[in-house]
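Dock chain B against chain A, hints included.
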Amino acid sequence: MFLSARPFAGGIHPKGFKELTEDKYIDRLDSPDHLYLNLQQRNGAKLVSLVEVGETVFKGQLLAKGSSDMAVPLHSPVNGKLEAIKEVTSPHPAGLKTSCMVLSNNGDPRWGEDHRPCDFRQLTPEQIIQKVLDAGIVGLGGAAFPTGVKLRLARQAKVHTLLINGGECEPYLTCDDRLMREQAAEIVSGVQMMLKALGAQQAIIAVEDNKGEAIAMMADAIAELPQISLKSVPSLYPMGSERHLIKAVTGEMVPPGQLSTKLGILVNNVATARAVFHAVRFSRPLIERVITVSGAAVEEPGNLVVPIGTLVSQLIAQRGGLKVDAARLVAGGPMMGQALPSPFVPTDKSIGGVLALTESELRQEQSHACVRCGSCVEACPMGLMPFQMAAYSRVSDWPQAQHFGLDNCLLCGACSYVCPSKIPLVQYFQHARGNLNAQRSMRQKSAHARELTQARQLRLAKEAEAKKAAKAAKASKRKRPARRRAASGGEE
Amino acid sequence: MSKMLALASPHTHAGTSTTRLMYIVAACLLPAAAAGVLYFGLPALIVLASCIAAACLSEWLCLLLRRHDWRACMDGSALLTGLLLAMSLPASTPWWVAAFGSAFAIIIGKQVFGGLGHNPFNPAMLGRVMLLICFPVELTDWRAIATPDFADGEIILSAAWQGIDAISAATPLYNMAEGLSLVELVSGAHPGSLGETSSILILLGGLALVWLKIIRPVIPVALLLGLGAPALVAHLIAPESFDSILHHWLSGGAMLAAFFIATDLVSSPTSNKGQWVFGLGCGLLIWLIRSFGSYPEGVAFAVLIMNAATPVIDHYLRPAVFGSQSAHLQ
Chain A
283 MFLSARPFAG GIHPKGFKEL TEDKYIDRLD SPDHLYLNLQ QRNGAKLVSL
333 VEVGETVFKG QLLAKGSSDM AVPLHSPVNG KLEAIKEVTS PHPAGLKTSC
383 MVLSNNGDPR WGEDHRPCDF RQLTPEQIIQ KVLDAGIVGL GGAAFPTGVK
433 LRLARQAKVH TLLINGGECE PYLTCDDRLM REQAAEIVSG VQMMLKALGA
483 QQAIIAVEDN KGEAIAMMAD AIAELPQISL KSVPSLYPMG SERHLIKAVT
533 GEMVPPGQLS TKLGILVNNV ATARAVFHAV RFSRPLIERV ITVSGAAVEE
583 PGNLVVPIGT LVSQLIAQRG GLKVDAARLV AGGPMMGQAL PSPFVPTDKS
633 IGGVLALTES ELRQEQSHAC VRCGSCVEAC PMGLMPFQMA AYSRVSDWPQ
683 AQHFGLDNCL LCGACSYVCP SKIPLVQYFQ HARGNLNAQR SMRQKSAHAR
733 ELTQARQLRL AKEAEAKKAA KAAKASKRKR PARRRAASGG EE
Chain B
76 MSKMLALASP HTHAGTSTTR LMYIVAACLL PAAAAGVLYF GLPALIVLAS
126 CIAAACLSEW LCLLLRRHDW RACMDGSALL TGLLLAMSLP ASTPWWVAAF
176 GSAFAIIIGK QVFGGLGHNP FNPAMLGRVM LLICFPVELT DWRAIATPDF
226 ADGEIILSAA WQGIDAISAA TPLYNMAEGL SLVELVSGAH PGSLGETSSI
276 LILLGGLALV WLKIIRPVIP VALLLGLGAP ALVAHLIAPE SFDSILHHWL
326 SGGAMLAAFF IATDLVSSPT SNKGQWVFGL GCGLLIWLIR SFGSYPEGVA
376 FAVLIMNAAT PVIDHYLRPA VFGSQSAHLQ
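Chains A and B are the protein sequences, given in the same order.
Following my numbering, the numbering of the first sequence begins with 283 at its first residue and continues without gaps.
Following my numbering, the numbering of the second sequence begins with 76 at its first residue and continues without gaps.
Hints in this document: simulated from the structure, not taken from any laboratory.
All values reported here derive from a predicted model rather than from experimental measurement.
No false leads were mixed into what you were given.
Heads up, incomplete: computed chain A residues facing chain B, CB under 7 Å, no partners named:
{"#": "1", "residue": "PRO537"}
{"#": "2", "residue": "PRO538"}
{"#": "3", "residue": "PRO616"}
{"#": "4", "residue": "LEU644"}
{"#": "5", "residue": "CYS655"}
{"#": "6", "residue": "GLY656"}
{"#": "7", "residue": "VAL659"}
{"#": "8", "residue": "GLY665"}
{"#": "9", "residue": "SER698"}
According to the in silico footprint, chain A covers these stretches of chain B (three or more CB under 8 Å from chain A):
{"#": "10", "stretch": "85–92"}
{"#": "11", "stretch": "190–200"}
Ideal Cβ placement from N, Cα and C applies to all residues, glycine included.
With the rest of the complex left out, here is chain B:
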């Protein structure tokens, strides 16, 4: 049968592969992750490592139990889930909490549905929401940044960077009154989840994905519009109670969600129209949760809610069949 499969046309192929896709996405995330390590120190590195290791290990275990080819645990999809989850966690998260969340994401979020391609929800966000509910204290323990000093050609790593004596702080989403400068928001030199703070690096990574045609720009644009439009209007009407559009775009996980989380291939709609609805819905929900909800950040919830709507979106918003709008239909 396998030989018969290979005989069908087309006989030629573009040369893309799912594994390559996954590793490119991970590579585009790396600069932002590296910035996280720079700002938050060794604890960030530990969170990253434990998430990725736990994801790959649980993938391997599940594939083994399901009698699938266990080597597929290195196809990049588990690694990406672990990486994304880690980047959405505070650097201070204990390693075992991070690892637990990551294993949950893979096992419950993905493998119980049938593995790669079958999960209705974004596994990383499912893991994050589970952690947020089970470990609210650990998941909201934001640290002040502890960037190493580069003086006289020497790198001075503070105790905080080494994770010994960290200083707690509030994320910009908790306390907008603190007023971070635009430079701080863009560069990421402010408290927050370890991979979410550097908006500029995430944006660049995301644009690289668009340029490499790994993702279509529809979902990022729609999400940023869906988040930006209500933010703009609300801020114009009542600037005291609503954050500005830039604040919404550049703080928290908005940028990461726009380019890397909401664009998850498996759990997002496939048609252009569907992606517009999905992106706008995610953006709007993020704004609503941030502005009116009891949680400071709404990315994970927003994405999961829209994931749940994906089958319906895919069912109703299909591309138009060629010729169906023909003037000669009658």
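With the rest of the complex left out, here is chain A:
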């Protein structure tokens, strides 16, 4: 019995389904008639439109921005007109409606402005970061954290290593794989720019070993760059998780509840690196991204370059439509992606995959009670006990759920994937997390209210004192002349 050298404890080998799309060149989506740009971001930040309804917009024009750098600006992916700003169903699984800018497209593919190439070596790190911020780039791996903010914080934390995530461990998804095969040079240029922005010494591009061609292409692209190295890591879900990639590449572990910058490491996705290249080199904002369209229900699975804000239905239509009924549409990968409420929702910057899954591909409903088989414990990459967390979440015992590791959970779904009773463990965790968040904000609110009340009481007390003092002063002032008057009266 040999113990295989695992880069980290736990993890699973889900069935990949990557063969559906991995050998097809990235296609460009036919220019869509209408685009729907969400004015509310994933992190809740709201943007304000800078354009009036009815105004003409050009490709690359800044359309909306927020009040801070956490709200990344939105740019027009097409030439056309702002038709309306209205409530449109968002990709959120609950089908919430959010305020969207509706653009019509005149089909002209040219950029509105001349984007002269610029040599990043002439720029200061601050200038590079500003360009990334202005381009509205977010992490394209799925979390959608503003990249400019990330770079700035990492620069302040003095990171020494930039780790480029080419893990793509989610089944079905091949957009990063294809990008590495087809645009290796652009990715590597983006990496060089980020290195300069960070002031870091080295960059390591980590790719899962099931992507041989991507590794070969990336190796070619970095050939004469001593600062950048390439590392093949075992394919093991969730290799794309920041913590696990760092462990697999450097052997070091990020302590629970801390950020990787503590180790002097920053992780960015390959697609993000390419977006940085376009932003810095050509001052081009992030207006499109590669999306994998896959699943057994799709006629012709493949990868597409899609303008931000395109309806999901158009992506599927371009790949030949559905050949059988899709039991579920998913935005993202099947492990961590979200179910889509309808095909008529727009994609955003964070969506890297659109899956149309048939009934046979889906996880069925829970079939048995937990038999404590421990499969979830073995699968958990964070070393938690998912079945205990779920049992306590089920009875709303949040402190116990936290005791068993709820706060450290990645929601990666490895536990639920292997559960023979098909218990929806992740749902329990999301539910528990939601409740804990609500409690936390409630506590913050009441603490804030308490502070305000205390401040008010303090102010009232101060005012009362001041009044008293003023009264006393007045009284004493009045008294003295009165006495004087009395005295003088006496004299009279």
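Below, chain B without anything else, positioned relative to chain A:
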């Protein structure tokens, strides 16, 4: 609500199912059970049938009374309990004793705690211990083997095989002086519980479970170590009063316990560390009971005692949270 449940990620699944798990375990037990029938004849078959039937029937009845889906009585868990109990009984056990034990295992051992997944003790072992205490005579009535003869292409079934005129004998654990050969111990051609004698078939079935990743090898290895280490030392010091390590491993229910009983999913710890402690504890207790106790066999007691310790083990021996041993903790 059920629709909402299905919408949560992950949207894909490995395709394993609890029912499949149970039937695979049962299938891996079948060769050893078949060997039992070969050696001990029709009475063994009757014990097997009555245990399994009683287990499934009582499961069905309980599910019906608890207003659960009664079809779950065929999810394999009750069948497995019945099968395991039967294999740990002597072939001579009267059918009604076997059936009673099996019903007890399901009703008291499992359903009163809330059914599948909620039982703190291994139901089969609970049933066996109850029978051993209530029916000591029937439960220790070991029979000599009565393997059919295969001569001239004909199968000759002895009267003993047909259960008519069986010969009583002692199990190797009672009487070590009798000295069984290694071949007899391994093949199972010696008196004992009907499904426990053929160590080689149990071992093969167990290895199949490990290979199919139904069970992790931790508990079997730990149990055999926990039993083997003290046996080795004691036998080296005083070979007259202590059995050899091979004798301990290959006789009685040790092999069955290591791969099929102690590895019961529900009543064993879930973490790796916990499984080591659990397995070692089971092994050590088996050796202690066998060597010093008044009962010849200690598997059932050992497993039940360690089952009782499982919640404590699970509480204290948890896996390390990723990053908690990081060099960057400060």
